[in-house]
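Just so you know, our numbering puts 1637 at position 223 of the sequence shown, and the rest follows in order with no gaps.
Treat the hints as calculated values from the structure; they're not laboratory data.
DSSO-like, lysine-lysine: derived pairs with alpha carbons at most 30 Å apart: (1) LYS1729 with LYS1470; (2) LYS1529 with LYS1597; (3) LYS1508 with LYS1470; (4) LYS1597 with LYS1470.
Values in this document were obtained by computation on a predicted structure and should not be read as measured data.
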Amino acid sequence: MNSTPQISINWMNVWCHTQDEPRFSVIHPPLPSTMSANKTITLPVSYEACQLPMVKLSHYPVGTTEVTPVVIVTLNRPEKSNTWTPAMAESLEKVFPMFHLDERVKVVVLTGAGKRFCAGADLDLGFGIGAGENPQDYRDTGGRVALAIHRCQKPTIAAMQGSAVGIGMTMTLPAVIRICHEKSKYGFVFTRRGITPEACSSYFLPRLVGLSRAMFLISTGGVYPPQQRYFGDLFTEVLPEASQVLPRALEIAADMAENVSPMALAMCRSLLWEGMQSPEEAHLLESRVFHHMLGLRDHGEGVKSFLEKRKPDFKTDLQNHWPAIYPWWYETNIDPKQTTKGSKL
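Produce the entire structure from the sequences given, and follow the hints as far as they go.
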(Lines of atoms letter the chains of each structure in order from A and count residues from 1; the text may use other names and numbers.)
(Lines give C-alpha, C1' and ligand atoms only; values in the text may rest on other atoms or scores of the structure.)
Protein backbone atom coordinates (compact mmCIF):
# COMPACT_ATOMS: atom_id res chain seq x y z
CA MET A 1 0.00 0.00 0.00
CA ASN A 2 1.61 3.27 -1.14
CA SER A 3 -0.98 5.81 -0.13
CA THR A 4 0.21 8.81 1.88
CA PRO A 5 -2.92 10.39 3.37
CA GLN A 6 -2.71 13.70 5.16
CA ILE A 7 -3.94 13.88 8.72
CA SER A 8 -5.41 17.08 10.05
CA ILE A 9 -4.92 17.40 13.80
CA ASN A 10 -7.64 19.92 14.49
CA TRP A 11 -6.67 20.81 18.06
CA MET A 12 -3.00 21.03 17.19
CA ASN A 13 -3.60 22.77 13.84
CA VAL A 14 -0.64 20.93 12.29
CA TRP A 15 -0.46 18.68 9.27
CA CYS A 16 1.16 15.25 9.37
CA HIS A 17 1.72 12.75 6.58
CA THR A 18 1.61 9.03 7.35
CA GLN A 19 3.11 6.09 5.51
CA ASP A 20 0.91 3.04 4.86
CA GLU A 21 -0.64 2.81 8.33
CA PRO A 22 -3.77 4.41 9.80
CA ARG A 23 -3.48 7.07 12.45
CA PHE A 24 -4.79 6.55 15.95
CA SER A 25 -6.23 9.02 18.41
CA VAL A 26 -5.99 9.24 22.17
CA ILE A 27 -8.22 11.07 24.60
CA HIS A 28 -7.19 10.32 28.14
CA PRO A 29 -6.67 12.17 31.38
CA PRO A 30 -4.60 13.04 33.29
CA LEU A 31 -3.38 15.71 30.93
CA PRO A 32 -1.26 18.72 31.83
CA SER A 33 -3.45 21.77 32.32
CA THR A 34 -1.96 23.33 29.18
CA MET A 35 -3.77 20.55 27.32
CA SER A 36 -7.47 19.83 27.24
CA ALA A 37 -8.81 16.40 28.12
CA ASN A 38 -11.81 17.11 25.91
CA LYS A 39 -9.79 17.40 22.70
CA THR A 40 -8.48 14.71 20.40
CA ILE A 41 -4.73 14.51 19.84
CA THR A 42 -3.91 12.48 16.76
CA LEU A 43 -0.58 10.69 16.94
CA PRO A 44 1.26 10.26 13.61
CA VAL A 45 2.91 7.11 12.32
CA SER A 46 5.99 9.25 11.61
CA TYR A 47 6.94 12.48 13.36
CA GLU A 48 9.33 13.23 10.52
CA ALA A 49 6.29 13.80 8.30
CA CYS A 50 4.92 16.57 10.52
CA GLN A 51 5.22 19.99 8.90
CA LEU A 52 5.93 22.54 11.62
CA PRO A 53 7.10 26.14 11.19
CA MET A 54 10.73 26.57 12.30
CA VAL A 55 10.88 23.19 14.05
CA LYS A 56 12.03 19.87 12.62
CA LEU A 57 11.20 16.46 14.09
CA SER A 58 13.46 13.44 13.52
CA HIS A 59 13.64 9.84 14.65
CA TYR A 60 16.70 8.20 16.17
CA PRO A 61 18.32 6.05 14.87
CA VAL A 62 18.40 8.20 11.73
CA GLY A 63 16.54 6.80 8.73
CA THR A 64 13.83 5.08 10.74
CA THR A 65 10.46 5.70 9.09
CA GLU A 66 8.26 4.94 12.10
CA VAL A 67 8.23 6.50 15.56
CA THR A 68 11.25 5.54 17.66
CA PRO A 69 11.73 5.68 21.45
CA VAL A 70 14.02 8.69 20.97
CA VAL A 71 12.68 11.70 19.04
CA ILE A 72 14.82 14.71 18.10
CA VAL A 73 13.26 18.19 18.14
CA THR A 74 15.41 20.70 16.24
CA LEU A 75 14.99 24.48 16.33
CA ASN A 76 15.18 24.94 12.58
CA ARG A 77 15.93 28.56 11.80
CA PRO A 78 19.72 28.45 11.35
CA GLU A 79 19.87 31.47 9.03
CA LYS A 80 18.60 33.56 11.98
CA SER A 81 20.59 31.73 14.68
CA ASN A 82 17.37 29.94 15.65
CA THR A 83 15.97 33.11 17.17
CA TRP A 84 12.65 32.61 18.90
CA THR A 85 9.39 33.57 17.20
CA PRO A 86 5.72 33.09 18.08
CA ALA A 87 5.49 30.54 15.25
CA MET A 88 8.41 28.53 16.65
CA ALA A 89 6.82 28.63 20.09
CA GLU A 90 3.50 27.44 18.71
CA SER A 91 5.20 24.50 16.99
CA LEU A 92 6.93 23.44 20.21
CA GLU A 93 3.76 23.86 22.22
CA LYS A 94 2.02 21.50 19.81
CA VAL A 95 4.46 18.59 19.80
CA PHE A 96 5.10 18.04 23.51
CA PRO A 97 1.46 17.12 24.28
CA MET A 98 1.80 14.49 21.55
CA PHE A 99 4.95 13.08 23.17
CA HIS A 100 3.15 13.14 26.52
CA LEU A 101 0.50 10.72 25.26
CA ASP A 102 2.57 8.69 22.79
CA GLU A 103 3.69 5.47 24.50
CA ARG A 104 6.15 4.85 21.67
CA VAL A 105 8.20 7.90 22.68
CA LYS A 106 10.46 7.48 25.72
CA VAL A 107 12.92 10.41 25.54
CA VAL A 108 13.02 13.74 23.66
CA VAL A 109 16.26 15.44 22.58
CA LEU A 110 16.02 19.19 21.94
CA THR A 111 18.75 20.80 19.82
CA GLY A 112 19.35 23.58 17.30
CA ALA A 113 20.25 23.62 13.62
CA GLY A 114 23.51 25.29 12.63
CA LYS A 115 26.17 26.89 14.81
CA ARG A 116 23.96 28.36 17.54
CA PHE A 117 21.38 26.72 19.76
CA CYS A 118 19.15 29.79 20.11
CA ALA A 119 20.17 33.45 20.09
CA GLY A 120 17.14 34.54 22.10
CA ALA A 121 14.00 36.20 20.81
CA ASP A 122 13.78 37.69 17.34
CA LEU A 123 13.61 41.32 18.41
CA ASP A 124 12.40 42.39 14.96
CA LEU A 125 9.19 40.42 15.52
CA GLY A 126 8.61 41.31 19.15
CA PHE A 127 7.02 39.14 21.81
CA GLY A 128 3.59 38.36 20.40
CA ILE A 129 1.62 40.88 22.44
CA GLY A 130 -1.55 41.96 20.67
CA ALA A 131 -2.70 45.57 20.56
CA GLY A 132 -5.07 46.30 23.41
CA GLU A 133 -4.56 42.87 24.96
CA ASN A 134 -5.67 42.54 28.57
CA PRO A 135 -2.54 42.11 30.75
CA GLN A 136 -4.32 39.35 32.69
CA ASP A 137 -4.86 37.39 29.48
CA TYR A 138 -1.27 37.54 28.23
CA ARG A 139 0.80 34.36 28.56
CA ASP A 140 4.44 34.61 27.47
CA THR A 141 5.27 32.15 24.71
CA GLY A 142 8.38 30.91 26.48
CA GLY A 143 6.35 30.05 29.55
CA ARG A 144 3.79 28.14 27.54
CA VAL A 145 6.57 26.06 25.96
CA ALA A 146 8.43 25.58 29.25
CA LEU A 147 5.23 24.27 30.84
CA ALA A 148 4.61 21.95 27.89
CA ILE A 149 8.12 20.49 28.33
CA HIS A 150 7.80 20.32 32.12
CA ARG A 151 4.37 18.71 32.10
CA CYS A 152 5.24 16.21 29.38
CA GLN A 153 5.84 12.88 31.11
CA LYS A 154 8.64 12.07 28.66
CA PRO A 155 11.99 13.58 29.73
CA THR A 156 13.79 16.12 27.56
CA ILE A 157 17.57 16.34 27.09
CA ALA A 158 18.83 19.70 25.81
CA ALA A 159 21.73 19.33 23.35
CA MET A 160 22.99 22.93 23.28
CA GLN A 161 25.55 22.64 20.50
CA GLY A 162 26.08 26.40 20.28
CA SER A 163 25.56 29.66 22.11
CA ALA A 164 22.26 30.44 23.78
CA VAL A 165 20.87 33.56 25.46
CA GLY A 166 17.52 34.69 26.83
CA ILE A 167 14.75 32.30 25.90
CA GLY A 168 17.45 30.07 24.42
CA MET A 169 18.50 29.44 28.01
CA THR A 170 15.22 29.57 29.89
CA MET A 171 13.44 27.12 27.60
CA THR A 172 15.97 24.42 28.56
CA LEU A 173 15.49 24.72 32.32
CA PRO A 174 12.66 22.12 32.49
CA ALA A 175 14.93 19.57 30.76
CA VAL A 176 16.36 16.73 32.85
CA ILE A 177 19.84 17.12 31.32
CA ARG A 178 21.66 19.96 29.54
CA ILE A 179 24.80 19.27 27.47
CA CYS A 180 26.76 22.15 25.95
CA HIS A 181 29.89 23.22 24.07
CA GLU A 182 32.79 24.67 26.05
CA LYS A 183 33.65 27.36 23.49
CA SER A 184 30.09 28.68 23.20
CA LYS A 185 28.60 31.44 25.37
CA TYR A 186 25.46 31.30 27.48
CA GLY A 187 23.55 33.91 29.39
CA PHE A 188 20.33 35.32 30.83
CA VAL A 189 20.47 38.74 29.14
CA PHE A 190 17.04 40.07 30.11
CA THR A 191 18.14 43.02 32.25
CA ARG A 192 20.33 44.24 29.38
CA ARG A 193 17.26 44.35 27.15
CA GLY A 194 15.11 46.16 29.69
CA ILE A 195 12.84 43.19 30.39
CA THR A 196 12.39 40.46 32.98
CA PRO A 197 12.92 36.70 32.73
CA GLU A 198 10.13 34.51 31.37
CA ALA A 199 9.52 30.81 30.62
CA CYS A 200 8.91 30.05 34.32
CA SER A 201 12.62 30.69 34.90
CA SER A 202 12.10 32.47 38.23
CA TYR A 203 10.87 29.07 39.44
CA PHE A 204 13.35 26.77 37.71
CA LEU A 205 16.65 28.67 37.77
CA PRO A 206 17.08 29.17 41.55
CA ARG A 207 16.19 25.53 42.12
CA LEU A 208 18.82 24.40 39.62
CA VAL A 209 21.75 26.68 40.51
CA GLY A 210 20.80 28.18 43.88
CA LEU A 211 19.40 31.61 44.66
CA SER A 212 22.77 33.36 44.90
CA ARG A 213 23.98 32.19 41.48
CA ALA A 214 20.58 32.82 39.91
CA MET A 215 20.61 36.36 41.31
CA PHE A 216 24.07 36.99 39.83
CA LEU A 217 23.16 35.61 36.39
CA ILE A 218 19.95 37.63 36.20
CA SER A 219 21.36 40.80 37.77
CA THR A 220 24.40 41.07 35.50
CA GLY A 221 22.64 39.86 32.36
CA GLY A 222 26.07 38.73 31.25
CA VAL A 223 27.08 36.08 28.74
CA TYR A 224 29.66 33.58 29.95
CA PRO A 225 31.43 30.36 28.94
CA PRO A 226 29.73 27.32 30.49
CA GLN A 227 32.65 26.53 32.81
CA GLN A 228 32.04 29.72 34.83
CA ARG A 229 31.13 28.91 38.42
CA TYR A 230 28.08 31.19 38.17
CA PHE A 231 26.30 28.38 36.32
CA GLY A 232 26.95 25.86 39.09
CA ASP A 233 25.86 22.44 37.87
CA LEU A 234 23.36 23.77 35.32
CA PHE A 235 25.20 21.98 32.52
CA THR A 236 25.51 18.24 33.09
CA GLU A 237 28.35 17.91 30.59
CA VAL A 238 30.56 20.46 28.83
CA LEU A 239 32.18 19.03 25.69
CA PRO A 240 35.23 20.36 23.79
CA GLU A 241 33.69 20.15 20.31
CA ALA A 242 30.26 21.34 19.16
CA SER A 243 29.98 18.25 16.96
CA GLN A 244 30.08 16.03 20.07
CA VAL A 245 27.06 17.55 21.79
CA LEU A 246 24.15 16.00 19.89
CA PRO A 247 25.73 12.51 19.61
CA ARG A 248 26.37 12.51 23.36
CA ALA A 249 22.80 13.59 24.10
CA LEU A 250 21.50 10.84 21.82
CA GLU A 251 23.75 8.31 23.53
CA ILE A 252 22.29 9.19 26.91
CA ALA A 253 18.75 9.27 25.50
CA ALA A 254 19.12 5.83 23.92
CA ASP A 255 20.45 4.41 27.19
CA MET A 256 17.52 5.87 29.12
CA ALA A 257 14.99 4.63 26.57
CA GLU A 258 16.44 1.12 26.75
CA ASN A 259 17.13 0.75 30.46
CA VAL A 260 14.88 3.11 32.46
CA SER A 261 11.23 2.57 33.36
CA PRO A 262 9.24 5.51 31.92
CA MET A 263 6.77 5.25 34.79
CA ALA A 264 9.51 5.25 37.44
CA LEU A 265 11.23 8.23 35.81
CA ALA A 266 7.98 10.17 35.49
CA MET A 267 7.27 9.61 39.19
CA CYS A 268 10.83 10.60 40.15
CA ARG A 269 10.58 13.86 38.20
CA SER A 270 7.29 14.69 39.91
CA LEU A 271 8.71 13.88 43.35
CA LEU A 272 11.68 16.18 42.78
CA TRP A 273 9.83 19.11 41.20
CA GLU A 274 6.57 18.83 43.15
CA GLY A 275 8.01 17.69 46.46
CA MET A 276 6.91 18.37 50.01
CA GLN A 277 7.99 21.15 52.37
CA SER A 278 9.19 18.99 55.27
CA PRO A 279 11.03 15.66 55.64
CA GLU A 280 8.01 14.18 57.39
CA GLU A 281 5.70 15.10 54.51
CA ALA A 282 8.29 13.82 52.03
CA HIS A 283 8.40 10.52 53.92
CA LEU A 284 4.62 10.14 53.75
CA LEU A 285 4.48 11.00 50.05
CA GLU A 286 7.43 8.83 49.05
CA SER A 287 5.96 5.91 50.99
CA ARG A 288 2.67 6.17 49.11
CA VAL A 289 4.37 6.38 45.72
CA PHE A 290 6.90 3.64 46.56
CA HIS A 291 4.11 1.29 47.67
CA HIS A 292 2.29 1.94 44.41
CA MET A 293 5.39 1.30 42.30
CA LEU A 294 6.03 -2.04 44.02
CA GLY A 295 2.73 -3.29 42.64
CA LEU A 296 3.46 -2.44 39.00
CA ARG A 297 4.81 -4.76 36.33
CA ASP A 298 7.86 -2.57 35.79
CA HIS A 299 9.18 -3.28 39.29
CA GLY A 300 8.98 -7.03 38.77
CA GLU A 301 10.56 -6.72 35.34
CA GLY A 302 13.33 -4.47 36.64
CA VAL A 303 14.33 -6.98 39.32
CA LYS A 304 13.93 -10.00 37.06
CA SER A 305 15.97 -8.54 34.20
CA PHE A 306 18.73 -7.54 36.63
CA LEU A 307 18.94 -11.05 38.10
CA GLU A 308 18.84 -12.61 34.63
CA LYS A 309 21.50 -10.16 33.38
CA ARG A 310 19.45 -8.97 30.39
CA LYS A 311 17.87 -5.76 29.13
CA PRO A 312 14.55 -4.88 30.79
CA ASP A 313 11.27 -4.81 28.90
CA PHE A 314 9.30 -2.08 30.64
CA LYS A 315 5.69 -1.88 29.46
CA THR A 316 3.69 -0.09 32.13
CA ASP A 317 1.25 2.31 30.45
CA LEU A 318 1.83 5.76 31.91
CA GLN A 319 -1.69 6.98 31.21
CA ASN A 320 -3.40 4.17 33.14
CA HIS A 321 -1.17 3.42 36.13
CA TRP A 322 -0.81 6.63 38.13
CA PRO A 323 -0.99 6.38 41.93
CA ALA A 324 -4.40 7.21 43.37
CA ILE A 325 -2.96 10.38 44.92
CA TYR A 326 -1.52 11.65 41.61
CA PRO A 327 -1.24 14.57 41.15
CA TRP A 328 -0.62 15.31 44.83
CA TRP A 329 -0.02 19.01 44.19
CA TYR A 330 -2.33 21.83 43.20
CA GLU A 331 -1.83 22.69 39.55
CA THR A 332 -2.74 26.29 38.73
CA ASN A 333 -5.06 26.74 35.79
CA ILE A 334 -3.35 29.15 33.38
CA ASP A 335 -6.28 29.41 30.97
CA PRO A 336 -7.08 33.16 30.60
CA LYS A 337 -10.78 32.29 30.49
CA GLN A 338 -10.63 30.67 33.92
CA THR A 339 -8.66 33.14 36.01
CA THR A 340 -9.06 32.52 39.73
CA LYS A 341 -11.57 34.93 41.21
CA GLY A 342 -9.90 37.59 43.30
CA SER A 343 -6.40 36.70 42.15
CA LYS A 344 -4.04 39.58 41.31
CA LEU A 345 -2.58 37.39 38.56
